[in-house]
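Chemist: The chain contents come next:
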Amino acid sequence: MKIVIGLFLRASVVLTGIALATFALLWNAPGDPALAIALARYDAIVTPDLVNEIREQAGFNAGFWPAFQAWFGPILMGDFGNSSVNGRPVLPDLMSSVSYTFPLGIAALAIGMALSLPLAILSTKRPGGWLDRFAIAVASIGNAIPAYWLGLLLILLFAVQLAWLPAMGARTPSHAILPALTLGLGVAASLTRIIRSGILEARGQSFLPALSRRGVPQNSISKDHIALHAAIPVVTVFGLELAFLLEGLVMVEVIFARPGLGSFLVEAIGARDFPKVQAAVLLTALIFVVVNLLIDLFYKVLDPRIGDHDA
Amino acid sequence: MLKLENVSVKRGKSIALKDVSFKVDAGKTIAVVGESGAGKSTLIASILNLASLASGKISWNDKPVRKISPALVSQEPRAAFNPVMTLKQSVLEPIVGQKKTLLPDRLNRLCKGLELPIDLLDRKPSGVSIGQAQRVGIMRALITSSPLILFDEPLSALDAVTQKHTARLISDLQKEEGFAAIIVTHDLGYAAAFADDIIVLKTGCVEEYSSAEEFIQSPKTQYGQDLRNAAFALGALERAS
Amino acid sequence: MTLQVFDLSAIRSGQAILHPTSLSIELGTRIGLVGSSGSGKSTLGHAIVDALRAQNKRVAHVPQSPDEALDPLRSFKFHWHEAERALDLAHDVSKQRTLFSALKIEDADLRKRPWSWSRGMQQRFVIAMALIGTPDLIVLDEPTSALDPIVAAKTMELLRDHLADKDVAMLLITHDLGLATQHVDRLIVLDKGKVVEDASTHGILVAPKSPAAKSLSTHRSWLSLPC
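Protein chains in written order, with the numbering used here: chain A, 1467 to 1777; chain B, 12 to 252; chain C, 7 to 233.
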């Protein structure tokens, strides 16, 4: 219980820090947000009076700390404020964009796991063999290819040349195939290398020869012991992997013209819609922190020695 | 003379050492025995000024011990060496800047006594066996000519025959040079054969403090007797016939 | 019955670390395999276990340290069940209780993972596990070196008492002739990967023939060292 409270406190500190940092960054960003809002709202000619009025309304005149408090206070109660461009509440828009992004992220992870796990297991059958070298080569190339380039190639092949799959939008589930594949291949590339080295390291554990001398069959040793030890480094990097995934999602949603957290963020930045940008950043940070928190807890179950100084 | 007066060390909330007092004269050896967790390594750390004392005093001829730079033989033979340096560089490191006229002779003699080929010192720690690394660790401590040498399980990685040769070499050098030695070991046979006095630690306290002869003849405490009987049962000591 | 192995050998990076060795071991006997470090004792121990397993003999091996026998991420219970399954035995609570009480494994929480028990208890658990199927031979590789002396002595005593009335052969691998003399009747002396002497313990103590046996014999006790 103590551990859970400790983790929770740490998470709150991180989130508050992130809120403060994004707010400070946007506050000090070049360009006049009030002018941008005026242009977005009225689009034609804007007078200096109009810009001033907007500045006053949005609280930009009040100074950094009052503005931060005015924004962050309500968030603690679950109120993310209203868009400074169209005046609508931020939260419903944010949630609807998440409802596109979340399944896409899960699909990408599933594709990543489905490809990397068998590939890693195959490659470790004979370390240094041709299959292993092939898998490493594929994984290295996969790691080096950026998502925006791979996404365009996939569009070119499957949407333009073969016309099997739609390229743009998110009307049907089949619209999600190409974006999920783009992300999933990237995930698979890095996971393959991690799982592979996890398995190889687990195989070097000093207690394994004793198990076979005890008569435990080889496949039970792989399943009951090696897999568990190999899982530890995989879980460790999973938190990092998520960061890459979120980053990739932004790119992929823009390329495939899909609604979602990424497009939401990019549009909000373009329009200098501060409340929206901050809400999106905070949500991303929250996902990141929560997942890492779960990983920390999972560790304690998997291997209670971790973080235990007496052991 | 090394002197510990009522030394206590805390580790977190628990007490790692409690009220430990003893003396070691120059040229003498004291052996510290006891089960794991009894505070043997904490005792070494506190003499080396690596553990802060909750109370008490440790001194060498009424001066702080660090003035005489005591040498340590670590219980982790390989981890005690810088992995990117050759063993020779590590061995010579503590005596940088000292007069080196007699050094080659001394190195040769130590290598011979420790049954190590002299070219072994040109290797890195990863290139030697753990037993060899342990003996190089002993060499590094002996070459310093420090008046106080701490041996933390110095023979644990050696086989029975090499243990005895190595113990004999340490003892011969001690007779010539007169350093004081503290040997932490759980081998009561070694302690009985080479120490003047034996201290038995149990849960941080001195359970028994006897001369080696006394201890072998008749330990004063029940725990001391248990230890001695265990040494008989393991063949580390032989009953007088 | 006699256990027999023929022409065991081992080569590591082009060098023979064990020359062809044949041995026979009578059931119910206690044998010591002694030699200096690097003489090939552990290698021969492993080779004997592997060869006898290949002959479908029941044989158990206890490594030097419990770290080499137990998966730190798995509970004692898991290890026990796994060892039973490996021998095609059903879970037998009374057998477990008998072995635990013989080796004084008391108040033990089997749901724990290895590192939460003391090393002495871990080592005794490994020995108990080795005895599940009542093997023909149990090979102990330096069983006391990772333990405190009182615990080590107690463990050896418990094992000796447990084996006293059973037809289980014991092979004790050690560099310490002093330890071996306390527990075995026959000694096999190994030097540079070769068996150089194989005789009764008493015979080797009184009249060692090979240089290796002589050296082990004169250095067996701390208090009677040659000058």
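Read the hints as simulated data drawn from the structure, not as lab findings. There could be a bad hint or two in this list.
Claimed, not checked - Dumping the calculated EDC-like pairs for lysine to aspartate or glutamate here, alpha-carbon to alpha-carbon at most 16 Å:
#1 A:K1591 x A:E1667
#2 C:K160 x B:E104
#3 B:K39 x B:E187
#4 C:K160 x B:E187
#5 C:K118 x A:E1667
#6 C:K83 x A:D1690
#7 A:K1689 x C:E88
#8 A:K1689 x A:E1667
Said to hold, decoys possible - With beta-carbon atoms standing in for the labels, derived distance ranges:
#9 B:S32 x C:E163: 52 to 62 Å
#10 B:S25 x A:P1569: 51 to 61 Å
#11 C:E163 x B:G48: 19 to 29 Å
#12 B:P105 x C:E163: 15 to 25 Å
#13 B:N60 x A:P1532: 29 to 39 Å
#14 A:P1569 x C:S124: 32 to 42 Å
#15 A:M1579 x B:R134: 39 to 49 Å
#16 C:S124 x B:P105: 54 to 64 Å
From the three backbone atoms N, C-alpha and C, an ideal C-beta is built for every residue, glycine too.
Chemist: For this structure, which hints from the list above don't hold up?
Modeler: 2, 4, 5, 9, 12, 13, 14, 16
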